[in-house]
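Number of protein chains: 4
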Amino acid sequence: MAAIEMLPRLRERYRLDFVIVNGENAAGGFGITEQILEELLDAGADVVTTGNHVWDQREALVFIERYDQLLRPLNFPPGTPGKGCGLFKARNGQEVLVINAMGRVFMNDLDCPFRAVDSELEACGLARGADAIFLDFHAEATSEKEAMGHFIDGRASCMVGTHTHVPTADHQILDGGTAYISDAGMCGDYNSVLGMEKEEPISRFLSRIPSSRFGPARGEATVCGVALETDDATGLARRFAPVRLGGRLARAEPEFWLSE
Amino acid sequence: MAAIEMLPRLRERYRLDFVIVNGENAAGGFGITEQILEELLDAGADVVTTGNHVWDQREALVFIERYDQLLRPLNFPPGTPGKGCGLFKARNGQEVLVINAMGRVFMNDLDCPFRAVDSELEACGLARGADAIFLDFHAEATSEKEAMGHFIDGRASCMVGTHTHVPTADHQILDGGTAYISDAGMCGDYNSVLGMEKEEPISRFLSRIPSSRFGPARGEATVCGVALETDDATGLARRFAPVRLGGRLARAEPEFWLSE
Amino acid sequence: MAAIEMLPRLRERYRLDFVIVNGENAAGGFGITEQILEELLDAGADVVTTGNHVWDQREALVFIERYDQLLRPLNFPPGTPGKGCGLFKARNGQEVLVINAMGRVFMNDLDCPFRAVDSELEACGLARGADAIFLDFHAEATSEKEAMGHFIDGRASCMVGTHTHVPTADHQILDGGTAYISDAGMCGDYNSVLGMEKEEPISRFLSRIPSSRFGPARGEATVCGVALETDDATGLARRFAPVRLGGRLARAEPEFWLSE
Amino acid sequence: MAAIEMLPRLRERYRLDFVIVNGENAAGGFGITEQILEELLDAGADVVTTGNHVWDQREALVFIERYDQLLRPLNFPPGTPGKGCGLFKARNGQEVLVINAMGRVFMNDLDCPFRAVDSELEACGLARGADAIFLDFHAEATSEKEAMGHFIDGRASCMVGTHTHVPTADHQILDGGTAYISDAGMCGDYNSVLGMEKEEPISRFLSRIPSSRFGPARGEATVCGVALETDDATGLARRFAPVRLGGRLARAEPEFWLSE
Ligand SMILES: [Fe+2]
Ligand SMILES: [Fe+2]
Ligand SMILES: [Fe+2]
Ligand SMILES: [Fe+2]
Ligand SMILES: [Fe+2]
Ligand SMILES: [Fe+2]
Ligand SMILES: [Fe+2]
Ligand SMILES: [Fe+2]
Chain A
1 MAAIEMLPRL RERYRLDFVI VNGENAAGGF GITEQILEEL LDAGADVVTT
51 GNHVWDQREA LVFIERYDQL LRPLNFPPGT PGKGCGLFKA RNGQEVLVIN
101 AMGRVFMNDL DCPFRAVDSE LEACGLARGA DAIFLDFHAE ATSEKEAMGH
151 FIDGRASCMV GTHTHVPTAD HQILDGGTAY ISDAGMCGDY NSVLGMEKEE
201 PISRFLSRIP SSRFGPARGE ATVCGVALET DDATGLARRF APVRLGGRLA
251 RAEPEFWLSE
Chain B
1 MAAIEMLPRL RERYRLDFVI VNGENAAGGF GITEQILEEL LDAGADVVTT
51 GNHVWDQREA LVFIERYDQL LRPLNFPPGT PGKGCGLFKA RNGQEVLVIN
101 AMGRVFMNDL DCPFRAVDSE LEACGLARGA DAIFLDFHAE ATSEKEAMGH
151 FIDGRASCMV GTHTHVPTAD HQILDGGTAY ISDAGMCGDY NSVLGMEKEE
201 PISRFLSRIP SSRFGPARGE ATVCGVALET DDATGLARRF APVRLGGRLA
251 RAEPEFWLSE
Chain C
1 MAAIEMLPRL RERYRLDFVI VNGENAAGGF GITEQILEEL LDAGADVVTT
51 GNHVWDQREA LVFIERYDQL LRPLNFPPGT PGKGCGLFKA RNGQEVLVIN
101 AMGRVFMNDL DCPFRAVDSE LEACGLARGA DAIFLDFHAE ATSEKEAMGH
151 FIDGRASCMV GTHTHVPTAD HQILDGGTAY ISDAGMCGDY NSVLGMEKEE
201 PISRFLSRIP SSRFGPARGE ATVCGVALET DDATGLARRF APVRLGGRLA
251 RAEPEFWLSE
Chain D
1 MAAIEMLPRL RERYRLDFVI VNGENAAGGF GITEQILEEL LDAGADVVTT
51 GNHVWDQREA LVFIERYDQL LRPLNFPPGT PGKGCGLFKA RNGQEVLVIN
101 AMGRVFMNDL DCPFRAVDSE LEACGLARGA DAIFLDFHAE ATSEKEAMGH
151 FIDGRASCMV GTHTHVPTAD HQILDGGTAY ISDAGMCGDY NSVLGMEKEE
201 PISRFLSRIP SSRFGPARGE ATVCGVALET DDATGLARRF APVRLGGRLA
251 RAEPEFWLSE
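Protein chains in written order, with full-length UniProt numbering: chain A, 1 to 260; chain B, 1 to 260; chain C, 1 to 260; chain D, 1 to 260.
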């Protein structure tokens, strides 16, 4: 997997203190296995977030209980295996609160993600237990994503949207100091439909009949993500930039780290 | 409106031969009036495309019949006022086929956009009636947008997705020569929810109750779009780049036009 | 309104101890006004339940605080005006717990109705505070309705589904003793689309364009509902039958009350 | 399967000239096999209609081409195997046009069912090629079903809705002479969720996690359907009544046939 191969180099190149990877499609597009989780952690991920595909590999319902570093959406029903947020120690010694929540618009029927996130931010805030706070908001609609960004603006270091598999170009630091991007995109081949070989998805749109299984596209991957630097005093965002390396998309790097 | 103010300067700065604007939210976020359409055309738009909000101002049902330059989605039901595509003369004398279609995933119940677009491309193809072909695919889901892009790859100059109001960073020229971007984004204030003041949308997500009307956010606008250069012989894409000017988003310009 | 005219006669004819009316479309199809609520209460309703249309008349957001007898769905967000359940005294002196909840499948994004209802049933159960318990589950999908029925079977006297505006013929007493019907239907003219004049809805399905407002169909109404008799000792259902009177639908009456 | 066992007796008891069965869930809840289709035809079905589950058993994509009596929704994409309507000879010698169409509200993305049905009715109408015309409209929303009923009122003998698996009690002959019911219900055990054992569906609503497969409920089935008598001269409906036999639902029979 592209992210696994690239991570060690990226950690070194950018001297990263903390790395978060969304792994909901890590197993050939469908969920995550324990082995892949181990590989991601070995490659340098500190936390692996997920989304609607988290249980595609049913073993995840079991092994998630053994890995604090694996999160599933916070607003899943009470009693769901695993946890939706956690406090983690970064390499620089800072405490990082990572929250994984899921949107409802055009998605599953879940309890309110706004209230769920709010409740975590009340329990552990910037300069009140956490040196940095990161939200992976796994959602479809840009309206819900932007609303969530503004909802937590000033209370978290960063919100990164996921789920559409396409990076957006609206990265910005909101007025309250929270870095925001609607979608980080996927790590995969962008000559595809959502990272999967394009023939079968196109065929289904035309015929409404599945004719074969979805398989991951095998072209060169683009590793997509964001680079964030937080203020040590406030925990808010100082610098924020997209990362897009390899494959077909326009290259993007956090220049501010390279020039130093 | 930001696009209207900026267009004359952009036409000159980039020496544009043909300009397409999506105007479905031109009237304060809801549809388009005849007056605004006139202003857009005066400012230099050659064609104005739309989407699900096209009839928000009901007068559009009437005046669309008088303006060839105003398109509504092609796959609206037979009998719908207006047209979904047209052949237009560019300033350089080329014939440009512009198609406006709408997706179905998480959208309205419409007839198949793939078949509708296919039928237009069969009737008038590159080097068979059109020097360039442009599709505004107004859709929500990235899966449907990417599938459409690949579906017309090699048969059109460019597909630009619209509707999410957020620009994507996946602009590329597909293998067959068709320029593609999942979403062009909106022209408006990105300190907002979809261009609207953020308080009311946030409040509705939390309370599920409308408490006031949506109003457009009044901060500085970012004009978002794409720049396309086609090959005179084939009509396929030669160069393709995002444009983001003003406001809060990271500036992007088609360097290839400025350096010449 | 048909229900208002008919209620006094029905109370007398069947010697009813307690009457519940869903009033979400009482105001010409859209919500409920204080005046109509008063009329319903005067006509003999003990409790008025609602659903997704509850706030169509915005005054309801205010006056609901003054009427214990008006319920809105229980699983609306915390902070929503009004209440989702209440304990009411029947004419025979019994305490009746009435719960109003709303489904999520094909409906609004709300918190889990199963957990919300469960929590009320835990707080006040049959023979533990309530002599009878009635749930109006306002939902679209028969899957969610049937699942809710079985979920509360043995813990409530009755679940009546609402929202589709069409009575179902699946009334039964479930194995645990809870009376169940997927939908009670509406009180209105069944020569219509959901009680509204049929021309505009048909036109919208064909054209996808609103051409006029919806207005209620004015033909003779069928009053639709159910008749329930509970066991004084257990609070569970003893007899359960549909009621359909007047208008175009096949007449149905609770024979067991008339023969006594 | 309940319908297969019951059909021969029903054909005789009511002296039926023509029998239509919806078989989309005939194979343990998921689609239909060739063997089950054969059994249905042997048991006395003249035509078997389907719906969104038609291809659950993939063999149906192949064998449907060999059976004129098996219909899939008319408004599936062009090129879909099988047909959406057909003209069949009844035992009394009359020509019966049977149409199977599928709704779009809360269902799949398909082309307009209203236009598709209209086109068939234009091609072959009552007293213009067909002695009777029957539409199985497989749809979720009562709004779309009622709109379709009125849309074809006077042009078909009967529209029966299917898909919710719950019979409705709104059977009537519309003003133009077309018999109408929103849903015929299923043939199966009504101590269930849509005919499936109830534990797993309830569990999924609560946990949002599949924990086992759906299996059909094994209690006594109720055979649900409708009885229609058409006018020989006009092809319109003369008498129309629900049929519900066996199992947990209130028994219903077409009295008009028994008293003769
Ligand atoms: Fe994903
Ligand atoms: Fe996802
Ligand atoms: Fe828009
Ligand atoms: Fe739109
Ligand atoms: Fe209603
Ligand atoms: Fe409703
Ligand atoms: Fe179905
Ligand atoms: Fe079915």
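Derived from the structure by calculation, the hints contain no laboratory data.
No experiment lies behind these values; they were computed from the predicted model shown.
Any given hint could turn out to be false.
Below are the DSBU-like pairs computed for lysine-lysine, each with C-alpha atoms no more than 35 Å apart in a straight line [claimed, not checked]: (1) D:K89 <-> C:K198; (2) D:K83 <-> C:K198; (3) D:K89 <-> B:K83; (4) D:K83 <-> A:K198; (5) B:K83 <-> A:K198; (6) B:K83 <-> A:K89; (7) D:K83 <-> C:K83; (8) D:K198 <-> A:K83; (9) B:K89 <-> A:K89; (10) C:K83 <-> B:K83; (11) C:K83 <-> A:K83; (12) C:K83 <-> B:K198; (13) A:K83 <-> B:K198; (14) C:K89 <-> D:K83.
Do the hints match the structure? See the list:
Our distance criterion of 35 Å between C-alpha atoms is met by D:K89 and C:K198, whose separation comes to about 34 Å. Of the pairs offered as hints, the one joining D:K83 and C:K198 holds, with about 30 Å between alpha carbons and a cut-off of 35 Å not exceeded. The hinted pair formed by D:K89 and B:K83 fails the criterion: a straight-line CA distance of about 44 Å is larger than 35 Å. A distance of roughly 28 Å separates the Cα atoms of D:K83 and A:K198; the hinted pair therefore holds under the 35 Å criterion.
Restraint check: the Cα-Cα separation between B:K83 and A:K198 comes to about 30 Å, which is no more than 35 Å; the hinted pair holds. Between B:K83 and A:K89 the alpha-carbon distance is near 59 Å, which puts this suggested pair outside the 35 Å criterion. A threshold of 35 Å between alpha carbons decides the hint, and for D:K83 with C:K83 the separation of about 52 Å lies outside it, so the pair is violated. Using a Cα cut-off of 35 Å, the hinted pair D:K198 and A:K83 holds, with the two alpha carbons roughly 28 Å apart.
Distance restraint check for B:K89 and A:K89: the Cα-Cα separation of roughly 61 Å exceeds the 35 Å cut-off, and the hinted pair is therefore not satisfied. Annotation: proposed proximity of C:K83 to B:K83 is violated, straight-line Cα distance about 50 Å (limit 35 Å). Using a Cα cut-off of 35 Å, the hinted pair C:K83 and A:K83 holds, with the two alpha carbons roughly 32 Å apart. Of the pairs offered as hints, the one joining C:K83 and B:K198 holds, with about 28 Å between alpha carbons and a cut-off of 35 Å not exceeded.
Taken as a hint, the A:K83 and B:K198 pair is honoured in the structure, with Cα atoms around 30 Å apart against an allowance of 35 Å. With a C-alpha separation of about 59 Å, the suggested pairing of C:K89 with D:K83 is violated against the 35 Å cut-off.
In the structure shown, a violation is registered for the earlier hints numbered 3, 6, 7, 9, 10, 14, in ascending order.
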